[in-house]
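There are 2 protein chains.
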Amino acid sequence: MEVTNKYVTVKTHIDGSSPQESDFELKTAALNLSVEPGSKDVIVKNLYVSIDPYQINRMKRVCSSQKLVSTADGITPGQAISAHGLGRVVASGNPEFEKDDLVVGLINWEEYTIVKGGNILRKLDPMGFPLSYHLGVLGLSGLTAYAGFVEVCKPKKGEKVFVSAACGSVGNLVGQYAKLFGCHVVGCAGTKQKVELLKGKLGFDDAFNYKEETDLKSTLKRYFPDGMDIYFDNVGGKMLEASVANMNPFGRIAVCGIISEYTGIGERAAPDMIDIVYKRLKIQGFLVIDYLKGMDDFISTMSNHLSTGKIHVLEDISQGVESISSAFVGLFQGDNVGKRW
Amino acid sequence: MEVTNKYVTVKTHIDGSSPQESDFELKTAALNLSVEPGSKDVIVKNLYVSIDPYQINRMKRVCSSQKLVSTADGITPGQAISAHGLGRVVASGNPEFEKDDLVVGLINWEEYTIVKGGNILRKLDPMGFPLSYHLGVLGLSGLTAYAGFVEVCKPKKGEKVFVSAACGSVGNLVGQYAKLFGCHVVGCAGTKQKVELLKGKLGFDDAFNYKEETDLKSTLKRYFPDGMDIYFDNVGGKMLEASVANMNPFGRIAVCGIISEYTGIGERAAPDMIDIVYKRLKIQGFLVIDYLKGMDDFISTMSNHLSTGKIHVLEDISQGVESISSAFVGLFQGDNVGKRW
Chain A
17 MEVTNKYVTV KTHIDGSSPQ ESDFELKTAA LNLSVEPGSK DVIVKNLYVS
67 IDPYQINRMK RVCSSQKLVS TADGITPGQA ISAHGLGRVV ASGNPEFEKD
117 DLVVGLINWE EYTIVKGGNI LRKLDPMGFP LSYHLGVLGL SGLTAYAGFV
167 EVCKPKKGEK VFVSAACGSV GNLVGQYAKL FGCHVVGCAG TKQKVELLKG
217 KLGFDDAFNY KEETDLKSTL KRYFPDGMDI YFDNVGGKML EASVANMNPF
267 GRIAVCGIIS EYTGIGERAA PDMIDIVYKR LKIQGFLVID YLKGMDDFIS
317 TMSNHLSTGK IHVLEDISQG VESISSAFVG LFQGDNVGKR W
Chain B
17 MEVTNKYVTV KTHIDGSSPQ ESDFELKTAA LNLSVEPGSK DVIVKNLYVS
67 IDPYQINRMK RVCSSQKLVS TADGITPGQA ISAHGLGRVV ASGNPEFEKD
117 DLVVGLINWE EYTIVKGGNI LRKLDPMGFP LSYHLGVLGL SGLTAYAGFV
167 EVCKPKKGEK VFVSAACGSV GNLVGQYAKL FGCHVVGCAG TKQKVELLKG
217 KLGFDDAFNY KEETDLKSTL KRYFPDGMDI YFDNVGGKML EASVANMNPF
267 GRIAVCGIIS EYTGIGERAA PDMIDIVYKR LKIQGFLVID YLKGMDDFIS
317 TMSNHLSTGK IHVLEDISQG VESISSAFVG LFQGDNVGKR W
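Protein chains in written order, with my numbering: chain A, 17 to 357; chain B, 17 to 357.
Hints are computed from structural coordinates only; laboratory data are not their basis. Hints are not guaranteed to be accurate.
Put simply, identical chains are the same to the list, so a pair is met inside one copy or across any two.
[Claimed, not checked] Calculated lysine to any residue pairs in the SDA-like style (CA-CA distance at most 25 Å, straight line):
1. K208 with G109
2. K217 with V329
3. K233 with T279
4. K132 with A46
Please construct the entire structure, taking both the sequences and the accompanying hints into account.
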């Protein structure tokens, strides 16, 4: 059977600024839904694809460090954009997968993806949860938050934790994990509605709207009069500088994302290194791909927390391949609440 | 017996610029060399005092993070300047110390120091080494280099190591330890003579004069075509930025000092956080005071290396209290080679 496959692509490399809908185009290509004899390809009907800020870096002319990470490497304008996603097998030449299997793995921002060899897919057992959870709270967003918070920040009960972009797909979970660990957690976000959500449903001890603040150093001093022990950084820039100034001795900063620097030129953080020495601070970048071997344990722990209502799920789902580019552009305008796909 | 005790002090707080000899003055005060009955004071005739760049931070109006570290807290203009040093006990009210004992600990930039209570002194067994070694290679400089390199950088055989201010009291030892660990090590310094010393006597694999380089990022690329695994940072600023750009995945940066930022305003490093994330780099500040419990083990290991000629000692000794201020000022002009006191 042949179908018309719709996919999203960038027209050209994006320069350093925020992405616009006009940077994208929806293209179509004929696709045969059967696998050629002898091929190990798996054809997947995509159900959910993840829409994450880091993709902007792949749409730019990529820097050398990105090239070291296959999933972060550059996107060729005109071609489909790979992303973590979830779908149902339509046809398979790989004996590990059968028609109608649910799978997660690297697919594309499109309706159907031919996964070469099929070996980067994983079969999915939904365990009674909504499918979308397996991309978010039980998927890479969840593991990113967990690995970054637990493995990089090494939290102790009673410690003071700050999370930026705290209503984002990763940030909201970091804050919730911090509460499970018995930490005091404050988050920041960019709208009043998000701040209310953090303090209400998500159980953060406090939250603020960074857009209403003029001096972030004083702001953090106000929310952490006794200093911060952990900063989970999703934004970089001025917030990172202000956090370094407010860290306690032996504080840990996990750098997960730097959205303020993805689209701004010359906005780099210049933290006070004298603070870093005298307070013996650690700043560490991390990527979820280094923690994939802990995925099964993570899913088992987290599904338990979900079943007992200890973790609240934030999702922001847009429908159809046509909506992907505007959903992505919106990430940089703070439109999203929780996980977006 | 009463003597005239000469001591060095700063006339006023130093502003952000490089220190000048005119910032200092030599003062005198009458001092009674006997301990009052009932007092636990120890009076020490100072033989060597350490002259380190970090003292400049204590002479400025100190920032809040320094106040957290007692040995880094501010110096009051007009008063004696505390520093690590070595001396001989003249009189003691503390039963742990007797007249003529050799001691190391916190004394002042002066001829005699009354150490209150005597409890921050440690009795010294010279073990047949020159006394000065116990302030340098077997003292805090040595332990700083060792703890920073071994505990923070966690070197593995064959890794590529870069050290800045590599002819300094700490840097020269880091490079030598790196060779003992089987690493490939390159250092930078500020004169041709120092570069020759690094490549010759000290056994660095290579070295360069940073003052002859215009683009540090390319310079490091030239010396580390396969990237750096470890950067031991004594200088901060542009060298830190260039290092982040040249680090390999999972690279570690130990921040020991930031001499470029001690005297310059607005010279802060703004490393590329995108590199820090994609390469999962760790930047960690440290202080030797957190590793003092390992001092005995360190001395035992290092005295062994000294006896077998595996470590070469660089010293730069100036004579007399009168010479301290010019020796200190010279540190910021790159005058010193190795440990200065």
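- Message: Of all the hints numbered above, which does this structure not satisfy? Sort the numbers upward.
- Response: 1
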